[in-house]
Structure formats: C-alpha cells, structure tokens
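S.K.: Read off the chains here:
There are 2 protein chains.
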Amino acid sequence: MNYNPITKEILEELTGILGAKNVIVDKEKMENYSHDETPKEYAHMPDVVITPRTAEEISEVVKLANRHLIPITPRGAGSGLSGGAIPTFGGILLSIEKMNKVIEVDYDNMMIVVEPGLVTNEINAIVDERGLFYAGYPMSLLTCYIGGNIAENAGGGKAIKYGVTGRYVMGLEVVTPTGEIVQMGGKNVKDVTGYDLKRLMIGSEGTLGIITKAILKLSPKPKFATDLLVLFEDADSAIKMVPKIISESRIIPTSVEFMDKLSVHTTCDYLNEQLPYQKAGSMLLIEVDGTVEENVNQDAETIGELCLENNAIEVYVADNYTTQERVWSVRRNIAEAFMVYSPEQSLEDIVVPIANIAKLMPEIEKISERYDIKMPSYGHAGDGNLHTTLVKNPDTTMEEWFEIEEKALQELYTAVYALGGKLSGEHGIGIKRKKYMKEHEGEAELMLMKKIKMAFDPNNIMNPGKIID
Amino acid sequence: MNYNPITKEILEELTGILGAKNVIVDKEKMENYSHDETPKEYAHMPDVVITPRTAEEISEVVKLANRHLIPITPRGAGSGLSGGAIPTFGGILLSIEKMNKVIEVDYDNMMIVVEPGLVTNEINAIVDERGLFYAGYPMSLLTCYIGGNIAENAGGGKAIKYGVTGRYVMGLEVVTPTGEIVQMGGKNVKDVTGYDLKRLMIGSEGTLGIITKAILKLSPKPKFATDLLVLFEDADSAIKMVPKIISESRIIPTSVEFMDKLSVHTTCDYLNEQLPYQKAGSMLLIEVDGTVEENVNQDAETIGELCLENNAIEVYVADNYTTQERVWSVRRNIAEAFMVYSPEQSLEDIVVPIANIAKLMPEIEKISERYDIKMPSYGHAGDGNLHTTLVKNPDTTMEEWFEIEEKALQELYTAVYALGGKLSGEHGIGIKRKKYMKEHEGEAELMLMKKIKMAFDPNNIMNPGKIID
Chain A
1 MNYNPITKEI
11 LEELTGILGA
21 KNVIVDKEKM
31 ENYSHDETPK
41 EYAHMPDVVI
51 TPRTAEEISE
61 VVKLANRHLI
71 PITPRGAGSG
81 LSGGAIPTFG
91 GILLSIEKMN
101 KVIEVDYDNM
111 MIVVEPGLVT
121 NEINAIVDER
131 GLFYAGYPMS
141 LLTCYIGGNI
151 AENAGGGKAI
161 KYGVTGRYVM
171 GLEVVTPTGE
181 IVQMGGKNVK
191 DVTGYDLKRL
201 MIGSEGTLGI
211 ITKAILKLSP
221 KPKFATDLLV
231 LFEDADSAIK
241 MVPKIISESR
251 IIPTSVEFMD
261 KLSVHTTCDY
271 LNEQLPYQKA
281 GSMLLIEVDG
291 TVEENVNQDA
301 ETIGELCLEN
311 NAIEVYVADN
321 YTTQERVWSV
331 RRNIAEAFMV
341 YSPEQSLEDI
351 VVPIANIAKL
361 MPEIEKISER
371 YDIKMPSYGH
381 AGDGNLHTTL
391 VKNPDTTMEE
401 WFEIEEKALQ
411 ELYTAVYALG
421 GKLSGEHGIG
431 IKRKKYMKEH
441 EGEAELMLMK
451 KIKMAFDPNN
461 IMNPGKIID
Chain B
1 MNYNPITKEI
11 LEELTGILGA
21 KNVIVDKEKM
31 ENYSHDETPK
41 EYAHMPDVVI
51 TPRTAEEISE
61 VVKLANRHLI
71 PITPRGAGSG
81 LSGGAIPTFG
91 GILLSIEKMN
101 KVIEVDYDNM
111 MIVVEPGLVT
121 NEINAIVDER
131 GLFYAGYPMS
141 LLTCYIGGNI
151 AENAGGGKAI
161 KYGVTGRYVM
171 GLEVVTPTGE
181 IVQMGGKNVK
191 DVTGYDLKRL
201 MIGSEGTLGI
211 ITKAILKLSP
221 KPKFATDLLV
231 LFEDADSAIK
241 MVPKIISESR
251 IIPTSVEFMD
261 KLSVHTTCDY
271 LNEQLPYQKA
281 GSMLLIEVDG
291 TVEENVNQDA
301 ETIGELCLEN
311 NAIEVYVADN
321 YTTQERVWSV
331 RRNIAEAFMV
341 YSPEQSLEDI
351 VVPIANIAKL
361 MPEIEKISER
371 YDIKMPSYGH
381 AGDGNLHTTL
391 VKNPDTTMEE
401 WFEIEEKALQ
411 ELYTAVYALG
421 GKLSGEHGIG
431 IKRKKYMKEH
441 EGEAELMLMK
451 KIKMAFDPNN
461 IMNPGKIID
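Protein chains in written order, with full-length UniProt numbering: chain A, 1 to 469; chain B, 1 to 469.
Pulled out of the complex, with its shape left as it was, chain A reads as follows:
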C-alpha cells in the first residue's frame, strides 16, 4: 500500500476535529504508542497520536483518513501480545484512552454499557457489591481495556467453564472503516435479525472498525472457589488427565492450568517460593467454583480422587485466599521469570483440541532439543491453549536467534495443525503471526477473510498489515 504522509494541513484538520490537546506529535510522547507487549523488533512509530472522546469525532477522523489515504491504527491499553496495536505503516495512532466511561449499569437486564477505554477490572469493581461479575475477563484484567479485549476476543483462564470475551458481548457501537457509526446487537438475549455483524467484529483486531461502545452481559458471581494443586511425575501424565477431568467427572472446572517442570522450577526460583510441588515433574492447577460451598468441596474432592486414580503423585487443596494467591502467583509470574533468564522470547498461544495436548508435548520437546532452546509450556490446558514460549539461549547471537525462532515456529505450528490445532487461542494474529496464516490456514478461508476486509475497508486504511495482507 502507498499511503500519503501526514501534512501540516492534515494535522490542522485533526486539531480542528479533536482540539489541540488530543493531537500529539511530540516524538518522546509518541514513543509509548509505537509498541505493545510483543518484542521490540515489531515496534513502529506513528506520525501522529490522537485521543478522541466520541464516536462522532472518530467518524470524522476516519472519513479524513479515507480522503487522504492515511492508515489508522486503533489502540487500547497496549497490553496485546501479537502487535495488533502497532502502527506498522505509521499514520494515525488512535488511542481510546479517553473513552473510559461507564455509560449505564442496567441491573434489570444484568448488563453494563461501557466505553472501550475502560480498564476491564473496573467492571467487576462496580458490580461486585450486587453479587455480579463480568465473566469474560482475561488474565491481564488489571491493566487491559475492554475495547482491546473485544477486538482480540481475549480469553483467559476460565474459558472452559465461562467461555471467552465474545460470549458476554451483547451489543457494539462501531465506527466502520468508511466512517459510518453502526449499532450491532443490543440488549436482546437472542437475536437473529440479519447477519451477526457483532460476532464478526469480535476478534477482528481493529481491522474492520473501531469499537466505541459495548454492551456486556453480567453474571451471578460464584460464592465459593477451591483450587487443587495436582502433582504428576511427568508432563504426559498431567496432560492426559485434562480431558479425563471433564469427560469422566462431568464436572466443568473453572480453570485447568498446566505448568511443566521448567516453568515451575524457574518461577519458584525467581519468586523464592517454596511450594510443596517444586520437585514434581509437572502440575495442574484446577479451580472449581459454585454457589453452594458443600458442592464446591464435593466437586473438588471428586476431581482430586480421579487424579489420584490416574497417576497423580499428590493433591493439595488450596481453599483459603492466602494459599490460593501463592499458587496463582507462580502461574502468573512464569513469563516474567523467563524474562530474567533471557529477555529474547517468542511467547506463543497455540491451541489444540484438549484430547490432543498429550500428543503435542513430545513434539515440543523435540523442537526444543533440535534447536537447543528452552521451550517452557504452561497455560490454559483445560482449553487446549498453551503459552509455549521459545526462549533464546543467551549464548547465541541475535542473528542466529531470529533464524532459529522462525524455523522452530514453523515446526511448532506444523505439529499443531497436524493435531487439528490453530495458531492462536486468545492473543490474536496481528503482525506477529501473519506470515504463518498463509502456510497453515486454507486458501479458501483466507480468501473469504480478504473479501470481508475489502468489503468493509475498500481503501485499506483500518489497521493495515494485520491478520492478512
């Protein structure tokens, strides 16, 4: 694509629409908007950062961008892990940070209407007193924005029971790539009035429009939760347990998180944590929740016993807040622990059918050995979603690392697809995984995606360079 540069006249137009303090061109201030949480080699500076406050302002900016052929990259909190918010072609970086209001809390319909720049956890903070919660939140809920969650269809640790973001989005207001303000869905629990535009927007990573308002469903908050730490000799036994938990106990746990030996050991060292399971080959962290304490305990017991019948070495029950926090802290700090070992990493987000995770593990081990890199695996095993991470060996050069990274990723994805899996479970494609789409997704599927993109965004100005070319 050949985009036009941002001229002084265009800056004036932007200032006219948004006011001077919502148009930023200062290099130092713009630096923060040049990257998200993907490695720094993906970063790219915008030509201008804008902070609009209304859908109408955004609509005007989008129309301007079409007239002048300038790319627009929408951005949430910048906590993304696939480069979706990086202004790869420069142009306008549109930050939704000032659109962070709660518009309505509708307890009668058990819904909340919010602007996209609201920090996701704010929703839970507001509705907690009424015994409700927003069940679609991802693990980064303390920092991420709800708009970004919707654009990425963010997941989390509880998808096995509660599903992901998309299930809780009832309605959206969207500024399309041609500048129309469109209402999709609403507060109706069922709705088959035409194509499901809202569902198409969810997970489209800002390439089909900019979300300016969202109606979200709230749920009754479970009153009790218990966590089980289940220790296994090896990864294989732990992973083989995952599909059994659901199909044999018929209890749907809230989470089933997996950590391999490498992840647990590195993180316990980093945190100076002494958990009893430190010597085990791998572990599952299983949470069950519910409204009746007795049943939650009963469910936990049933699952614990099932694990012991299936090669678990030991089962620890974390039924108080302190112990639960200690355990979850290990799980949450894995990525950070490996950063200390080597800051050059490729954090992956592969997903396979849960019954196939056990078959994937030896493939990951082979790749790790072949390229002499550490590849810790951890993540949402209950959803088949693993954050297998390629960690650069500190002894290799950056040049070697980039070569190794690309080859190892190709082999990893090939193994994943052979098992019916996909590139990304919850982090998205963005720029980080775009080149792998061509090789692993069907040509006809990609063509349909391109046709949709062209139909929505004929000038290709909306977050170009993401997902597909």
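Be a bit skeptical, because a hint or two may be false.
It does not matter which identical chain is used: a pair holds within one copy or between any two.
[To be verified] DSS-like, lysine-lysine: derived pairs with alpha carbons at most 30 Å apart:
id: 1; residue 1: LYS221; residue 2: LYS359
id: 2; residue 1: LYS244; residue 2: LYS223
id: 3; residue 1: LYS21; residue 2: LYS244
id: 4; residue 1: LYS161; residue 2: LYS221
id: 5; residue 1: LYS240; residue 2: LYS213
id: 6; residue 1: LYS451; residue 2: LYS434
id: 7; residue 1: LYS244; residue 2: LYS27
id: 8; residue 1: LYS366; residue 2: LYS27
Simulated from the structure, these hints should not be mistaken for lab results.
Please read these numbers as outputs of a predicted model, since none were measured by experiment.
Chain B: place on chain A using the hints.
M.R.: Just chain B now, kept in the frame of chain A:
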C-alpha cells in the same frame, strides 16, 4: 435478478453429478419442497429438487449454478418459520436429507461431528447413555435438522441458561456460494486465528453457503429438573417477575416461559386439559435444573417464594415426569390450538430486552383492539423472546386480513424497536420479515450485510431473496 431457466442440458449435467435418483423433477414429489412452516402464500415451486450426498457433489452443483446463473435454495427439514427454505426464484432446491450421518462421537473432547441432515434429537439419543447432551437444541428437536438449526441459529426454551445453537457449534464445513469447500473453526475450545467465519455463517440462513458438516460441543446432562407453574392475576404481574427472578435470586433458571390468559384458555380447551391454573390471568412456567437434587429443589423453592412475594397468586411444583409433561404439553400446543380457531395467522418472534417485556404487553393489547384480532402472546419470556401471534378474525375476508396483518405488524415492530428490541429472536428473517428490515434496521448495518453478501456470492445465486435484497 434475471436467472436462467433450467434446461434439459442442465438437468443432464445435474444427473451426471448426482445420479438420476438424486434429481427430482416430478411435480407431485416437488410440491413438498415448495414450502416450509410459514403460511402457504409464501410457497414457490422449485424447478428441480436435488438430494446430494457429499460436499464435493454440492461444490460441483454450486459451480454449475454460477456458470448458468441459476438460484440454489438449501433446505433442511422444512420446519422453518420465516420462509428461509422456500425457492422464491425457482431453480434448484438442494435438500440435505440424505446427508444425515453421524461422522464421529469424540467423547475425549466431548464433541460430535455430524452431517447437516441429521435430526437434532438423534444427537441426544446417541450421547445420552454417557450422561451427555447437546444443549443447543430448539423446541422442534424431534423433526428439525441440525443443519437448519445452524443456518437459522435456532433458539429454544433454555437460552437463558444454555444459550442458543451458536454457542455449541465448534466447527463447520461449508460449500461457499462460489463452490469452494471451506473448513471453519474446529475442535479448539478457543480460537482467534483470523476472522470468525464460522460465526458469520451461523444464522446467515443459507445465503452465504451450504453447511456440509458440523462439529458440536456436548455438555454434561443435568440430572434433576423441577418445573414451577406460577399463577398471576394479570400479564403485567407475570412479566414484571421475569427480570426479577434472575437479578434478585441470582439463580439462572433453565427456562422461563410465559403464557397469557388467551393462550392458556384456548389451549386447555383444545386439549381438554384441566390444570389448576386455568382461571388465572397469566402464568409463568419456570424450570430449574442441576446435578444435585437438593440444590435444584432449593433453587425452585427460592424462586417460588420470590414469586409469592411479588404478586403471584399461587405456585405449583411439577416435580414428576407426568405433571411436567402435562404442563409442557399446554405450552407446546398453543400454536396448534389457535390453528383450530383460525388457520390464518402470523406467528411472530419478537425479542426485547427482558426488562422491557412488561412495557411491550400493553402495546400488543392496543394493536389487538385496534384491528379486532386475537393476539395471544406466549414464549420464552426469560429471553425476552415472545411468539406473539396475529390470528385472523374468522369473520374478515382474506383481502382485509392481509391489509390488517401488514399494518398490525408494522405497529408491533415499531413498538418493539422503540423498546430496544428486534424483529426475530430465533426464527430468522427469511422472506417473511425481509421488508421490515429496511424500515427498522439501520441503513449502515444493512449496507454492511449487503457488502458481505456480495463479497461471498457475487452472482447472487445462493438462496436469493432472503434477509436482504
């Protein structure tokens, strides 16, 4: 659109692809394929009926239809209520009746892979012995096909707790309107690898392609269920109870069905049923289910008490199969009971936010009085989805009826949209509601739908004349 007629040569081509016994031109045999469950004035004869057995055959037929510019209308069991399976422009009626195999039951992933012509209830029959069920089924599960359910994103009485069809569709194989065979989704619990094509297909009423395979999620079957019959003086008290049940008890019931006085009386007369509630002004039929009997009973009791605190006259508990069946039989026979009174009806499928149902009821009453027609209201009040039905007064002529029907529908939809509602909760737009889309849906939304349709189906051969023009 100007489509070409089906010539002898084209029939020969079809026979070459499908074999002679899968190409039907006999008028008498074709008559059954000219309508679904919408009133007979929507019926239209196809020029040929085909019964393909594979995606490859369908792909060849679709390519042929593009070459010769002939419309194709896909058809499931013909149980639809919006005319989606009616070959409005003649051409090829593609019946999926011979594609009715179960391809795989995958207990490890708790999924089933089926062909689209399978009767929905067959899935439950197969997996029941393992304590599982397919939670997406609609009320017509004994006759409808799963392919039709997906094309319509069919709902049912349990959406409030279990959601509708779409939640349980994990993957689809689809023949696109240009004849490509595309895999969408798969057995992955989470998947954000590109646009959500699968979700776009669900509910697109056969206008974006033909479903040839589906991967469906199974769920642990609840072991216990209890039904409450709650009697109220009037519709207003019953309807006002609906949002309260969820927001105040924080229990999510399986169903909350509403029947107004007219529906209950007419149906009890028709069935010669003597239920205690016959004299009440309106009633709610509330079901709760779960895995622990005690909790199910406790939930039912909590809801029952809440109803009594909020103007219910009486609460009856139906906790055995026979009583449950008697009650549900009344609910299921409403449409049939009114058919006896007057066979000319317009069965509607309006949906509003649940907190707004109470505001809708007086509007319906006004319309009923204004046009001197019966307008019984019943349906899935827990989802805000009412099957308000316009029943022709036997004394008026057909000419008068068509005029009344159109005016009354316009007024009904205007009232529904004023309350944040939509044309259809679960039956779809098809041809029956197409003309109302233009007036009630936003222009920009309709334009996006049209763009998607054109992108997928450039020759407009796939189920033309449905949803939008």
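S.K.: Please list, smallest to largest, the hint numbers that this structure does not respect.
M.R.: 3, 7, 8
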